[in-house]
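Asks: Each chain, letter by letter, is given below.
There are 2 protein chains.
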Amino acid sequence: MNTMTATRSYDPSSVGVVTRQYLDVDKPLTLRSGAVLERYTLAYETYGTLNPQRSNAILICHALSGDSHVAGYYTDDPNEKPGWWDEAVGPGKMFDTNRFFVICSNVIGGCQGSTGPSSFDPDGRRYGLRFPFVTIADMVSAQTALIDALGIERLYAVAGGSMGGMQALQWSVDYPQRVARVLFIASTPVSSAQNIAFNEIGRQAIYADPCWNHGNYYDHTPPNSGLAVARMIGHITYMSEHSLEMKFGRRLQHRPQLAYTFDTEFAVESYLHYQGEKFTERFDANSYLYITKALDYYNVADGYGSIDAALARTQADFLVVSFSSDWLYTEAQARLLVDALERLGRNVDYHHVIASFGHDSFLVEVETMHKIVSGFLAKPSTSKGK
Amino acid sequence: MNTMTATRSYDPSSVGVVTRQYLDVDKPLTLRSGAVLERYTLAYETYGTLNPQRSNAILICHALSGDSHVAGYYTDDPNEKPGWWDEAVGPGKMFDTNRFFVICSNVIGGCQGSTGPSSFDPDGRRYGLRFPFVTIADMVSAQTALIDALGIERLYAVAGGSMGGMQALQWSVDYPQRVARVLFIASTPVSSAQNIAFNEIGRQAIYADPCWNHGNYYDHTPPNSGLAVARMIGHITYMSEHSLEMKFGRRLQHRPQLAYTFDTEFAVESYLHYQGEKFTERFDANSYLYITKALDYYNVADGYGSIDAALARTQADFLVVSFSSDWLYTEAQARLLVDALERLGRNVDYHHVIASFGHDSFLVEVETMHKIVSGFLAKPSTSKGK
Chain A
11 MNTMTATRSY DPSSVGVVTR QYLDVDKPLT LRSGAVLERY TLAYETYGTL NPQRSNAILI
71 CHALSGDSHV AGYYTDDPNE KPGWWDEAVG PGKMFDTNRF FVICSNVIGG CQGSTGPSSF
131 DPDGRRYGLR FPFVTIADMV SAQTALIDAL GIERLYAVAG GSMGGMQALQ WSVDYPQRVA
191 RVLFIASTPV SSAQNIAFNE IGRQAIYADP CWNHGNYYDH TPPNSGLAVA RMIGHITYMS
251 EHSLEMKFGR RLQHRPQLAY TFDTEFAVES YLHYQGEKFT ERFDANSYLY ITKALDYYNV
311 ADGYGSIDAA LARTQADFLV VSFSSDWLYT EAQARLLVDA LERLGRNVDY HHVIASFGHD
371 SFLVEVETMH KIVSGFLAKP STSKGK
Chain B
11 MNTMTATRSY DPSSVGVVTR QYLDVDKPLT LRSGAVLERY TLAYETYGTL NPQRSNAILI
71 CHALSGDSHV AGYYTDDPNE KPGWWDEAVG PGKMFDTNRF FVICSNVIGG CQGSTGPSSF
131 DPDGRRYGLR FPFVTIADMV SAQTALIDAL GIERLYAVAG GSMGGMQALQ WSVDYPQRVA
191 RVLFIASTPV SSAQNIAFNE IGRQAIYADP CWNHGNYYDH TPPNSGLAVA RMIGHITYMS
251 EHSLEMKFGR RLQHRPQLAY TFDTEFAVES YLHYQGEKFT ERFDANSYLY ITKALDYYNV
311 ADGYGSIDAA LARTQADFLV VSFSSDWLYT EAQARLLVDA LERLGRNVDY HHVIASFGHD
371 SFLVEVETMH KIVSGFLAKP STSKGK
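These protein sequence lines map, in sequence, to chains A and B.
Position in the first sequence (from 1) plus 10 gives the number in this note's numbering.
Position in the second sequence (from 1) plus 10 gives the number in this note's numbering.
No lab work stands behind these hints: they were computed from the structure.
Positions of the beta carbon are idealized from the N, C-alpha and C atoms, including for glycine.
Any given hint might turn out to be false.
One-sided excerpt, in silico: chain B residues whose CB lies under 10 angstroms from chain A [stated by the list, open to error]:
| id | residue |
| --- | --- |
| 1 | Arg42 |
| 2 | Glu90 |
| 3 | Gln214 |
| 4 | Asp219 |
| 5 | Pro220 |
| 6 | Ser235 |
| 7 | Val239 |
| 8 | Glu255 |
| 9 | Phe258 |
| 10 | Arg261 |
| 11 | Glu275 |
| 12 | Asn309 |
Make the full structure from the sequences, and use the hints.
Replies: Quick look at the structure:
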């Protein structure tokens, strides 16, 4: 063990080295579309310790491009980057693993260990576009098998940012007795026309890549050009105009003066290229299609007739957080949820945070988030539970 | 002549049937990059009558996807749509052709009759990527040949929305004695990192289309898939979240319920597909690349050291109009110009219009624009002239 690793291992605020685990579920999952997934696997990770009463479990749900690896490291490699919300999960952090047992699983439809279009079907062939459509409700439904398997009847909280917030909300609607608290962060109870538009353009970029080949590319070159364009489109929506301006402005990447070329000239172009390329190394284009469709389909009212009818089912306490510069999931979208919860007399803490990093603020504004989240988690639940 | 045509012909507010004209310029044009365009053609149209003093000419400059056809019709076909700003140009309209001689020319680099990458070079071969890079200043410089040819020394006004506003502003900086009034509408004196980012993603979509073939596609299938994606990205930035929501919301296109398909489901998707496809019928992908680069390069300070140094050259009166829901060229960007002009003691009317149609508001908010524009044009010039 070298010094670097030792340093990390003894970092008292890190969960340290963790292992991705797998749950194979043999029970058929009936999806909202009516299709049935005969069996599926969930990749998941846990941090901290489940108490004997099994009452301290927090499920964190990930966003579009996330995975089960919220925090910590897979190896001792000192160059390895930690999980995607490492600043939030660990001893003393906002999701304090000294106190809570934190769980995160990769969504079905994903490509980071859970069953998705790149997985092999029961006959040993890649699903590709034969994979059934999944919704946010289906992702949640699949997660219940994991929570069951861990022997947890009721979650102390379900938390998530962006698409993770949709899942957290859906937990409280579909399984009201199993959730004491919902943390709904930088998210929306219903995708807007603009949300759908951006996702559809990303999908069109993938369809337009001949390597996509209607989803049959697993034995060939994947549609990396198309997926990179899709990611770049998405990435712009995660930042604010202000944060792009502060970070890059009109700075040139390679030369002191304009070069008059179609190669990279501006730093912001270089950044986008990098984000697009890096994404293709870790993400499956078909998963991008399926998960963005799930986002577009998302409307908490679906299946219940109205947002009020859906939310009337909930028994949880709610924390809702929106960010002033988030133009992907706006304050107005968060307020749709807050207003409905208040109409229904639910217990809801709403924080609209002035922040300049756009949608990504929920990952970046660590200090503010720490105060809000740990404050909310410290309060006793007003929920009736069962 | 059928009845429909007769109706149109006698519509007293239409300029009626007009003809696209061409000016061949044999004088070499030295571009900002240092490259030289040995000769070029400008496609242009005029409406109304130049007065004997040649003092009533208004040059209208078009946006990224525009052309010389501002108003009226090319044929008697009653199904033909009028020019792109027909509601603004005609007898009694904001640019009143009873009073003004209105001119519009297609920019160099374009594909609607003026010389651009799809044109033939002096050796009779398509330029493709051998076409030199053009800037907004180069577009303006090329336009001076047309104004010269029309025998006009000084323009009553130069007007434009979006990229047209950049050209109007650049006229007043590069040719201060030739412009009495500038109408700078829904535009910016300098492209932001976010502006560049959106344009670059559109270009990446074109590059990613194998049909693009590094710009050599004129004898083959053009890169329509890539160009359509680029257009869809652009199109979102022209609308507001609110206008997309009002126009489409989550309305489904074909069926009463979700179909769980990667085909068109939501009306907003159908709309984007239509916009993308329609664009490929009339626009050249290489021109899209060149013109978006010109947009990205745009900074009025370029060549003069600072925005104040550039604007200190101007002698015109200015009308600046921004729109509250325009997130492509924002109020803050318009104010950059207004503040600098005011610092320099220039005569500037600034209107920030509360409007919900995003960037497209300048084309849509006809009544408001009519009041603002005709009011500004009616005022005597305070400009010293020459």
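Asks: Compare the structure with each hint and give your call.
Replies: Here's how the hints hold up against the structure:
{"no.": "1", "hint": "Arg42", "result": "holds (8 angstroms)"}
{"no.": "2", "hint": "Glu90", "result": "violated (29 angstroms)"}
{"no.": "3", "hint": "Gln214", "result": "holds (5 angstroms)"}
{"no.": "4", "hint": "Asp219", "result": "holds (6 angstroms)"}
{"no.": "5", "hint": "Pro220", "result": "holds (6 angstroms)"}
{"no.": "6", "hint": "Ser235", "result": "holds (4 angstroms)"}
{"no.": "7", "hint": "Val239", "result": "holds (5 angstroms)"}
{"no.": "8", "hint": "Glu255", "result": "holds (5 angstroms)"}
{"no.": "9", "hint": "Phe258", "result": "holds (4 angstroms)"}
{"no.": "10", "hint": "Arg261", "result": "holds (8 angstroms)"}
{"no.": "11", "hint": "Glu275", "result": "holds (8 angstroms)"}
{"no.": "12", "hint": "Asn309", "result": "holds (7 angstroms)"}
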